[in-house]
Amino acid sequence: MARFIVRRLLGMIAVLFAISVIVFLIFNVIPNSDPAARIAGKNADPALIARVSADLGLDKPLPIQYLTMMKQIFTGQLMSYAKDRNVVQQIWDGIPATFSLCIGAAVIWMALAVLFGYLSAMHAGKFTDRALTILSLVGISMPVFWLAAILLYFLTFKIQLFPTGSYVPLTEDPVGWASHLILPWFTLAVLFVGFYSRMLRSNMLDAMNEDYVRTARAKGLSERQVRIRHVLRNSMIPIVTLFGLDFGQVVGGGAILTETVYNLNGVGLYAGEAIRSLDLPPLIGVTLFGAFFIVLFNTIVDFAYAVLDPRIRLGEAAPA
Amino acid sequence: MTEAILTVDDLKVSFATEDGVVQAVGGVSFELRAGEVLAIVGESGSGKSVTAQTITGLTRASNARITGSVSYRGRELNGLEDDQLRGVRGEQIAMVFQDPMSSLNPVYRVGDQIIEMIRAHRDVSKHEAADRAVELLRSVGIPNPERRVRHYPHEFSGGMRQRVMIAMALALEPDVLIADEPTTALDVTVQAQILRLLDDLNRERDLAIVLITHDLGVVAEIADRVLVMYAGQIVENATLDETFYDPQHPYTWGLLGSLMRLDQTRGARLAQIPGQPPSLLAPPQGCRFAPRCPHKFDKCDELPPLQARVGGEHLDRCWLDPEEKKSRRAQVIP
Amino acid sequence: MVATVGEMEAPGEPPLPAGVPKSQIQGRSPWYLAWLRLRRNKVALFCAGVFVLIVLFCLAAPLWAEHVAHTGPNENHITEKVLIDGQPTNVVGPDGTPIGPGLHGQYLLGADQNGRDVMVRLMYGGRTSIYIGLAAAAVTTVLSVIVALLAGYYRGWIDSVLSRIMDVIWAFPVLLLGIALGTALAVGGLKIGPLAIAGDSIWIPIMIIGFVYVPYMARPIRGEILALREKEFIEAAVAQGKGPLRIMFSELLPNIISTIIVFFTLNIANNMLLESALSFLGAGVRPPNASWGTMIADGYEMIYTAPHLTIVPGLMIIATVLSLNVFGDGLRDALDPRAKIRLEH
Chain A
16 MARFIVRRLL
26 GMIAVLFAIS
36 VIVFLIFNVI
46 PNSDPAARIA
56 GKNADPALIA
66 RVSADLGLDK
76 PLPIQYLTMM
86 KQIFTGQLMS
96 YAKDRNVVQQ
106 IWDGIPATFS
116 LCIGAAVIWM
126 ALAVLFGYLS
136 AMHAGKFTDR
146 ALTILSLVGI
156 SMPVFWLAAI
166 LLYFLTFKIQ
176 LFPTGSYVPL
186 TEDPVGWASH
196 LILPWFTLAV
206 LFVGFYSRML
216 RSNMLDAMNE
226 DYVRTARAKG
236 LSERQVRIRH
246 VLRNSMIPIV
256 TLFGLDFGQV
266 VGGGAILTET
276 VYNLNGVGLY
286 AGEAIRSLDL
296 PPLIGVTLFG
306 AFFIVLFNTI
316 VDFAYAVLDP
326 RIRLGEAAPA
Chain B
-11 MTEAILTVDD
-1 LKVSFATEDG
9 VVQAVGGVSF
19 ELRAGEVLAI
29 VGESGSGKSV
39 TAQTITGLTR
49 ASNARITGSV
59 SYRGRELNGL
69 EDDQLRGVRG
79 EQIAMVFQDP
89 MSSLNPVYRV
99 GDQIIEMIRA
109 HRDVSKHEAA
119 DRAVELLRSV
129 GIPNPERRVR
139 HYPHEFSGGM
149 RQRVMIAMAL
159 ALEPDVLIAD
169 EPTTALDVTV
179 QAQILRLLDD
189 LNRERDLAIV
199 LITHDLGVVA
209 EIADRVLVMY
219 AGQIVENATL
229 DETFYDPQHP
239 YTWGLLGSLM
249 RLDQTRGARL
259 AQIPGQPPSL
269 LAPPQGCRFA
279 PRCPHKFDKC
289 DELPPLQARV
299 GGEHLDRCWL
309 DPEEKKSRRA
319 QVIP
Chain C
494 MVATVGEMEA
504 PGEPPLPAGV
514 PKSQIQGRSP
524 WYLAWLRLRR
534 NKVALFCAGV
544 FVLIVLFCLA
554 APLWAEHVAH
564 TGPNENHITE
574 KVLIDGQPTN
584 VVGPDGTPIG
594 PGLHGQYLLG
604 ADQNGRDVMV
614 RLMYGGRTSI
624 YIGLAAAAVT
634 TVLSVIVALL
644 AGYYRGWIDS
654 VLSRIMDVIW
664 AFPVLLLGIA
674 LGTALAVGGL
684 KIGPLAIAGD
694 SIWIPIMIIG
704 FVYVPYMARP
714 IRGEILALRE
724 KEFIEAAVAQ
734 GKGPLRIMFS
744 ELLPNIISTI
754 IVFFTLNIAN
764 NMLLESALSF
774 LGAGVRPPNA
784 SWGTMIADGY
794 EMIYTAPHLT
804 IVPGLMIIAT
814 VLSLNVFGDG
824 LRDALDPRAK
834 IRLEH
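Protein chains in written order, with the working numbering: chain A, 16 to 335; chain B, -11 to 322; chain C, 494 to 838.
Quick caveat, the hints were computed from the structure, so don't treat them as lab data. A hint or two may mislead.
[As the list claims (entries may be wrong)] Pairwise CB distance ranges (calculated):
| id | chain 1 | residue 1 | chain 2 | residue 2 | range |
| --- | --- | --- | --- | --- | --- |
| 1 | A | Ala321 | C | Ala732 | 56 to 62 Å |
| 2 | A | Asp226 | C | Arg533 | 25 to 31 Å |
| 3 | B | Arg191 | A | Phe142 | 36 to 42 Å |
| 4 | C | Gly649 | A | Arg145 | 43 to 49 Å |
| 5 | C | Pro523 | A | Leu257 | 25 to 31 Å |
In this text, a Cβ means the ideal position worked out from N, Cα and C, and glycines have one as well.
Generate coordinates for the entire structure from the input sequences, incorporating the hints supplied.
Now the structure itself:
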């Protein structure tokens, strides 16, 4: 077991390393322009560009630049090229908003997905199922940021049902925290509810035809017991594992759009700003932050799989 | 004569499919007596599994139509709501299926699955149910039951798994056990063990068993009575001895004739029944075996009823005169 | 005892099931059966029709631009006036509010804050968005299939290396990767050896989106290939002396085609959503070119005064993506040989 953990940790580190190199290369090698020139701005004369270059260490060989940047990240000293903010600090400050958004949305989307998926499967082919399926399909066909904009317009402007303004910390004002997050939660959840409820429906319908469900009925269990203890329980395994992966992606960067539209100062918003200004250090920081969570959740999911499915946990044991 | 505890009368089951309506079971009638082992024999598609599963209402689906009567101890089961059938399932009539690996839920411990069944019908504590589960595993011959009760299905071998299924089926001491091809997925040696177990259970507990199989060897081991099914109908209904020594239906002859025998002459060909079973989408109007039967004559265009033509309770579905049958049979079965 | 092989009779033709004339026996290939099932799915066919209509609509852009609206997608008319119901009106009012939708040939859906005809932009934007969606799906599919075939067939170290690469790409937050590549490449374009793509070429977003989704398609296909590889017909092919490439293309590939088709269709939908997100954030299609994503970005600035600028392109995206999703689902059901049709009896 310990060996398994160590191996996974090493794998994580390897992946993160690869990602940091890739991001670094993307911004330093691919563009056909000099980062210093970009930062120095238009109308800069060569002398200014050279000074900016030296100032930011951009005249050193690439590997040195990379190492310096990595060192700065780990010591928490990485400064953005615009030189006014500490990257690590900014990311840290953005975490409460991002986590509030992601965790809240995740709870909502899982709860609704299980409910809708279960109802859909149980009433397959009938009106409930068709209606829920249409809703789900529309949900997964909507651009998230568009939905956010529309909700903002209709529910905070046309009808002042929800407040505008940005993130309110939980510790300051729980009610305010929630009321500002309801629309973002819902927006982020819509896409996933659609996808997951359909997946659960499909899994449950397949499970209904399994032999062990027939056995459960033959044992004289009530239909409800059969559905929940056998059909639902077994159908949830792939859902839970997929959830882990998606949650990692959402925290990692999927929330950018929602945070941007709703003006929640989380890590995603910070990433958006960094991109617009082509600011490399924050970008690397944010990307590593995101990748870390994705890889972390990948690993958690692998463990979860073992917990949920004893066949994986124990392997195919020798017959008695 | 012991009373019949299960009576099936003119049971018909059909399914609507993409290609049309499949008449899986076309009018099946028989009785099961207390403590009797009744074997239902037939090839794939003969309707034997569907018949068995329909008894406890497991074939209900939106595309299925079931007519006829299934009565257990005088109580009509066909047409009952699922809720009402619950009391019968497991407690009075228990089932064991063909593939124990897929018939047990892979994510629950074996003991938990047995406990679940017990507590669905009896008001006992988890502890009591757990003890009972251990006893049950012991009674079907699983060594070390206290430990094995906490194992998962995939940690057992095929034969052991089937014993677990049987243990689970017996948890509430039912009167009837329906075993749908219980040994088909097992090795021959394990097969013998399971059959012996079923035989012991039948004798010790007076447990009536309906044994579905396609293997006449299995039938010979433990059956008291044999139903031969073909194309959704019963073609012969007789005791074990009558079936093997005085079979009345050409299909039964074909089945027996195709068995390998120790006293066969060297170099003799293994007999086959030429042809295929009819499509159940549009079964033939007359005798359903006629298209493949070498002994058919013009009366066979009319469906023969299942009747006792040689006396007693030996029923068959063939127009041939019993005297005629004897000579023809000798050609098929040496 | 048992019959020896030499004396076995050759099997004769089995009799037909009772009552079925020989002429009615017709072989039915899985494709034909799938087509029959698809034909029965009215909803899926309807959505396919919707998608086709949308494509035609967008293809008609030049016609509309020339004959009805008399303007191009990128032409500004900020300071102009136009005749509405006989009244000359400012295309963009003094407070910055552009004219709204109405029943007139020019500016049927109104104008945006730069005085551009929304309808014309919608149609041209659709061409861009759909084209990107399709092209990127082609890129993803080709790359994924190659990766999956190589990894699944050869296994061993080739599989390890390819899977690791897929893992790294997968670990990248999709949006961030797309944005990073999008902004970086937008500046100077892409130069790989002789291949040079300009920074504002439409192929930049196409390559990026195509690339980003490769792990999502390659992994499941690789899984299928791994499973297929164990089957006897592959062993038979190897025993016959077929080389790896032939096995990959004539044995493995045909068996995964139905999966590929379904993934391809659904991938187009995902690509369009990703393109709109990237364009919204400024990392996709470059202004002043129109795509439905850039239109939403532009419209967002005016959301409180001219909401239709945001609503309309979004609805188009939803309609297109939804029809693709429903049709893709229908395809999946039709091609799945285990699909059960539930009938009442």
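For this session: Run the structure past the numbered hints and jot down the numbers of the failing ones, going up.
Result: 1 and 3
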